[in-house]
Amino acid sequence: MERRLVELAMHGDERAFDDLVAGVGDQLHSVARRILRDAYLAEDATQRALLDVWQNLPRLRDPDRFEAWAYRLLVNACNAEARRDRRHRGELRLLATDEPVIPDSAARIAVQQQIDLAFRRLGVEHRTVVVLIHYVGLSSNEAAEVMGTPVGTVRSRLHYALKYLREAVEADARLERSESLA
Amino acid sequence: MTQNDEFIGQLEDYLVEFEGETPLPSRVIDAIHTELPRTRQAKPGARDLRLPPRPKTASLRGPWGIVAAAVVVAILGTVFLFRGSDQAATVAGSPMPSTSAAPSAAATVAPTPSTPIGAEVSALLRGFLDARVAGAGAQKYLAVPEAEVPLLYATSSGSGYERGEFDQVQGIEWPQDLTAFEVRLFARDSVVEQLFFFSPDLQPLGLGYLPDSFGANIPATAEDGKPVARPFVTLDDSITLQVAHPWVAWRWEDDPYVETQGGIRLLPEGPVAPRVDQFRDDWPFITLKPDPVLGGADCQTDPGYGDAAELAFHLGHYTGVQANAPKAVSVGGVEGVVMDVEIAAGTPITVPVNPENGGICFPQVLGLLVDADAPAYQYDNILTAAASGQWMRLYLLDMPDGSPTHVLAIAIIASESDFDRAVKEAAPLMDSIEFRGPLSETP
Numbered sequence: 124m125e126r127r128l129v130e131l132a133m134h135g136d137e138r139a140f141d142d143l144v145a146g147v148g149d150q151l152h153s154v155a156r157r158i159l160r161d162a163y164l165a166e167d168a169t170q171r172a173l174l175d176v177w178q179n180l181p182r183l184r185d186p187d188r189f190e191a192w193a194y195r196l197l198v199n200a201c202n203a204e205a206r207r208d209r210r211h212r213g214e215l216r217l218l219a220t221d222e223p224v225i226p227d228s229a230a231r232i233a234v235q236q237q238i239d240l241a242f243r244r245l246g247v248e249h250r251t252v253v254v255l256i257h258y259v260g261l262s263s264n265e266a267a268e269v270m271g272t273p274v275g276t277v278r279s280r281l282h283y284a285l286k287y288l289r290e291a292v293e294a295d296a297r298l299e300r301s302e303s304l305a
Numbered sequence: 131m132t133q134n135d136e137f138i139g140q141l142e143d144y145l146v147e148f149e150g151e152t153p154l155p156s157r158v159i160d161a162i163h164t165e166l167p168r169t170r171q172a173k174p175g176a177r178d179l180r181l182p183p184r185p186k187t188a189s190l191r192g193p194w195g196i197v198a199a200a201v202v203v204a205i206l207g208t209v210f211l212f213r214g215s216d217q218a219a220t221v222a223g224s225p226m227p228s229t230s231a232a233p234s235a236a237a238t239v240a241p242t243p244s245t246p247i248g249a250e251v252s253a254l255l256r257g258f259l260d261a262r263v264a265g266a267g268a269q270k271y272l273a274v275p276e277a278e279v280p281l282l283y284a285t286s287s288g289s290g291y292e293r294g295e296f297d298q299v300q301g302i303e304w305p306q307d308l309t310a311f312e313v314r315l316f317a318r319d320s321v322v323e324q325l326f327f328f329s330p331d332l333q334p335l336g337l338g339y340l341p342d343s344f345g346a347n348i349p350a351t352a353e354d355g356k357p358v359a360r361p362f363v364t365l366d367d368s369i370t371l372q373v374a375h376p377w378v379a380w381r382w383e384d385d386p387y388v389e390t391q392g393g394i395r396l397l398p399e400g401p402v403a404p405r406v407d408q409f410r411d412d413w414p415f416i417t418l419k420p421d422p423v424l425g426g427a428d429c430q431t432d433p434g435y436g437d438a439a440e441l442a443f444h445l446g447h448y449t450g451v452q453a454n455a456p457k458a459v460s461v462g463g464v465e466g467v468v469m470d471v472e473i474a475a476g477t478p479i480t481v482p483v484n485p486e487n488g489g490i491c492f493p494q495v496l497g498l499l500v501d502a503d504a505p506a507y508q509y510d511n512i513l514t515a516a517a518s519g520q521w522m523r524l525y526l527l528d529m530p531d532g533s534p535t536h537v538l539a540i541a542i543i544a545s546e547s548d549f550d551r552a553v554k555e556a557a558p559l560m561d562s563i564e565f566r567g568p569l570s571e572t573p
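From first to last, the protein sequence lines stand for chains A and B. Per the working numbering, the first sequence starts with residue 124, numbered consecutively. Per the working numbering, the second sequence starts with residue 131, numbered consecutively.
Since the hints were made in silico from the structure, they are not lab data. All C-beta atoms, glycine included, are put in the ideal place defined by N, C-alpha and C. Any given hint might turn out to be false.
As the list claims (entries may be wrong) - If you want the ones that stay clear, here's a sample from chain B, every Cβ over 10 Å from chain A, calculated:
1. 260
2. 364
3. 372
4. 437
5. 447
6. 448
7. 462
8. 476
9. 478
10. 505
11. 551
Stated by the list, open to error - Capping the alpha-carbon separation at 25 Å, the derived lysine to any residue pairs in SDA-like fashion look like this:
12. 286/A - 138/B
13. 286/A - 514/B
14. 270/B - 271/A
15. 356/B - 230/A
16. 554/B - 449/B
17. 270/B - 275/A
18. 286/A - 142/B
19. 270/B - 247/A
20. 356/B - 366/B
21. 270/B - 286/A
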């Protein structure tokens, strides 16, 4: 992210902020979608986070850390949305029809659906750790800074989240094998 | 590939592919555009009090701004405090309540029917008071670190508490289920009164405490009716100020992202003023800045002055600045000068911008008089901002040789109408300043 844009937005330049939103908005929204697993909540969280970014930009210590800071505000907004709306409604998702059909696509989709079922059952804190590290690509230390938690907490949450996901997927796979044998 | 690697690969594929492309919808961008002009930017260095999460703003499914405004207007229209004797709950540490200590009447303004307190909240408060009387274990009832609650287990003279009681305080509600409580703790010869609040949004669930009493014009902590001062340590632990109501010091919090140069702000006079946003830029404030010369990345840092008096002269002749003649002053045993500075509201202030990195070069103390709400414009590496019209009492202190700081600036900033009150109320705070550590080390 261009430092100059951040500097200008820090001083109230709305056009510069528009450019910042264009630069990070999609990525923030993608992260929110994955953390919250709810399209509407993710939109609200992203909107809230971006307004928080605008409001608090003048206090940003180092413009070069804009993106990491924006992630922190997004995670805070996601937590707030998750607390406010604890709807656990199922959401059917249609796969895009123009996705290329590849030989292992059925198996691949089945695995993804197994992971999805388990992922949805994780708490928002655990989903956040998984998304920040395995989707955004942050290190444990960076994720800890974004989440405002000790790095030990991040590692612990990641450990338990991955253990849960792996076990859930393996259990589903065992169930499918036993059903096909029966 | 190990099983674990394979699973991580599958997980990462899922995270990328399962949701697919999720660009930010244009309706969200439109909603942000709509909200932006109504969303004031914080001033640099201002710090946020830890508040419960705010309600959704400008939600696509129902803007909260209108609702919140209506509720705030309703609160402002009916706001008052109430100590409801019929609802006071007492927790006794000894069978006989103290008779010598009596709470102050400062908070009583007018009675109003009180709303019932839920059993869960009532139990929380009773447990909290029990623990404070017992002298241990109060933390588990708090949503803030126990170090942030003054006089938790004893009065300022070290006396333990004998009993406690609480009442709901009316009129400090917020449109997010916030309820305020006044807690009174009785020691043998003193009574401590404190304001706590509860919100189901607080995490961890517990009692909250705000040093500014959530904007209410009553002390968050008082002992025998007098506001309790809290030390405010700043500039690498080198300076301590004692801050008491009506001043409030922003909570210090390690944050890797935002500025930690914080503020000490003066609560407004008059009736209870529930906060309508978390940045009360219009309240008078005190700030301290070491070496208040040109700032910004890679900007000129040579001030071109020798001491505080020369810096005062330099600032007094800056374009657009009106200042009176500096007078000699001593603060905390350190000598310097004091002057009043003003730049007329709307006066453009132009500063150079470093073309290499966009860093803004600025005489920092004059930057305190810039209107942060007004747009700033940048053209050809010159940034133009507008003055707020606020007044500033500026202390410039010559720090001893050997100190890493050459000149320390202490600024009291207020609107013209608040200026006299701010200066008057700041007197005990200025008198309380103590220098310690490297800032005031003598060679």
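Comparing the hints with the structure gives:
1. Residue-level check passed: residue 260/B sits 29 Å from the nearest beta carbon of chain A, beyond 10 Å.
2. Distance to chain A confirms residue 364/B as a non-interface residue, since its nearest Cβ pair spans about 16 Å, more than 10 Å.
3. Against the 10 Å criterion, residue 372/B stays outside the reach of chain A, whose nearest CB is about 26 Å from its own CB.
4. Against chain A, the non-interface label of residue 437/B holds: every CB pair exceeds 10 Å, the least being about 30 Å.
5. At roughly 25 Å from the closest C-beta of chain A, the C-beta of residue 447/B stays outside 10 Å, upholding its exclusion from the interface.
6. The claim that residue 448/B is not at the interface with chain A holds, since no C-beta of that chain comes within 10 Å of its own (minimum 19 Å).
7. Its beta-carbon lying about 28 Å from the closest one in chain A, residue 462/B satisfies the requirement of being farther than 10 Å from that chain.
8. Against chain A, the non-interface label of residue 476/B holds: every CB pair exceeds 10 Å, the least being about 15 Å.
9. Even its closest Cβ contact with chain A, about 14 Å, leaves residue 478/B beyond 10 Å, as expected for a residue assigned away from the interface.
10. At roughly 5 Å, the least C-beta separation between residue 505/B and chain A is not larger than 10 Å, which violates its mark as non-interface.
11. Interface exclusion of residue 551/B from chain A stands, the closest Cβ pair being 27 Å apart, more than 10 Å.
12. A threshold of 25 Å between alpha carbons decides the hint, and for residue 286/A with residue 138/B the separation of about 11 Å falls inside it, so the pair holds.
13. Pair hint residue 286/A plus residue 514/B does not hold up; C-alpha atoms about 56 Å apart against a cutoff of 25 Å.
14. With a CA separation close to 21 Å, the supplied pair residue 270/B and residue 271/A stays within the 25 Å bound.
15. Note on residue 356/B and residue 230/A: the hinted pairing is violated, with a Cα-Cα distance of about 72 Å set against a maximum of 25 Å.
16. This hinted pair does not check out: residue 554/B and residue 449/B have alpha carbons roughly 29 Å apart, beyond 25 Å.
17. Under the criterion of a C-alpha separation no larger than 25 Å, the hint pairing residue 270/B with residue 275/A is consistent with the structure, at around 22 Å.
18. Between residue 286/A and residue 142/B the CA atoms are separated by roughly 15 Å; this keeps the pair inside 25 Å, and the hint holds.
19. Pair hint residue 270/B plus residue 247/A holds up; C-alpha atoms about 24 Å apart against a cutoff of 25 Å.
20. The suggested pairing of residue 356/B with residue 366/B is violated, with an alpha-carbon distance near 30 Å, which exceeds 25 Å.
21. Of the supplied pair hints, the one linking residue 270/B and residue 286/A is violated, its CA atoms being roughly 31 Å apart against a limit of 25 Å.
Against the hints set out earlier in the document, violations occur for numbers 10, 13, 15, 16, 20 and 21.
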